[in-house]
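Model the full assembly from the supplied sequences, consistent with the hints where possible.
One line per chain: the protein sequences are A and B, in this order.
The first sequence lines up with residues 1 to 119 when you count with this note's numbering.
The second sequence lines up with residues 1 to 110 when you count with this note's numbering.
These aren't lab readings, by the way, just hints derived from the structure by calculation.
You may find that some hints are simply not true.
[Unchecked claim] Some but not every residue of chain B turned toward chain A, in silico, with C-beta under 7 Å: (1) Q42; (2) G52; (3) R97; (4) F100.
[Claimed, not checked] Chain B residues, not near chain A, derived (Cβ > 10 Å throughout): (5) P8; (6) Q14; (7) N30; (8) P39; (9) T53; (10) T66; (11) Y69; (12) L71; (13) S75; (14) T80; (15) D90; (16) G103.
Quick caveat, the model's predicted, so the values are computed rather than measured.
Cβ atoms here follow ideal geometry from the backbone N, Cα and C, with glycine treated the same way.
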Amino acid sequence: GAGVSQSPSNKVTEKGKDVELRCDPISGHTALYWYRQRLGQGLEFLIYFQGNSAPDKSGLPSDRFSAERTGESVSTLTIQRTQQEDSAVYLCASSLAATVVRSSYNEQFFGPGTRLTVL
Amino acid sequence: GIQVEQSPPDLILQEGANSTLRCNFSDSVNNLQWFHQNPWGQLINLFYIPSGTKQNGRLSATTVATERYSLLYISSSQTTDSGVYFCAVDQETSGSRLTFGEGTQLTVNP
Chain A
1 GAGVSQSPSN
11 KVTEKGKDVE
21 LRCDPISGHT
31 ALYWYRQRLG
41 QGLEFLIYFQ
51 GNSAPDKSGL
61 PSDRFSAERT
71 GESVSTLTIQ
81 RTQQEDSAVY
91 LCASSLAATV
101 VRSSYNEQFF
111 GPGTRLTVL
Chain B
1 GIQVEQSPPD
11 LILQEGANST
21 LRCNFSDSVN
31 NLQWFHQNPW
41 GQLINLFYIP
51 SGTKQNGRLS
61 ATTVATERYS
71 LLYISSSQTT
81 DSGVYFCAVD
91 QETSGSRLTF
101 GEGTQLTVNP
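Shown next as structure tokens:
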């Protein structure tokens, strides 16, 4: 597709339920990232994929959060047993590459986000 | 981890005015990007600029990597420029994650 797409655009769930958020990166982009943005704040990094492997999971806030990527394309972020503090906008980004020094291959492009509300 | 500080936190302008937004960072970076987050929450790429100067229409940016800062210039501002401007950096030693500043909230009044 022309840009990064995410679904659903909005998700309202009850505390304790599991949710799955989907990201489709730009075609041909090998690197994929998940970030979270709480209301009125900047973005915080969650996890990064190079191909289908995740060399950096250090931003995941707890073991309730997991992510996978298949076919070097679509990624799913899963939050188990959701809590009210998980309410935020979850944004996905992709780039052509990730580790080329000071190259525009590293430039990240963001999707529109999924707004998650946990009641 | 790397610290990113943006200033000013809020800026109110009259249409047609010029402005300068600043981003300071605490360590060497591999990647620096400026984004505009519009009122609908979409992050729009403005510049990929780990060093040097770039211009795109009414916007330009300069990064002085050795002094660890970047500047975003907006000239002849328009109401559509309103929104939050974020600077984000990728620390050389920590791979590809972007660390974001808290942003500058820009309001351009007609």
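Hints broken by the structure, by number, lowest first?
2, 7, 15, 16
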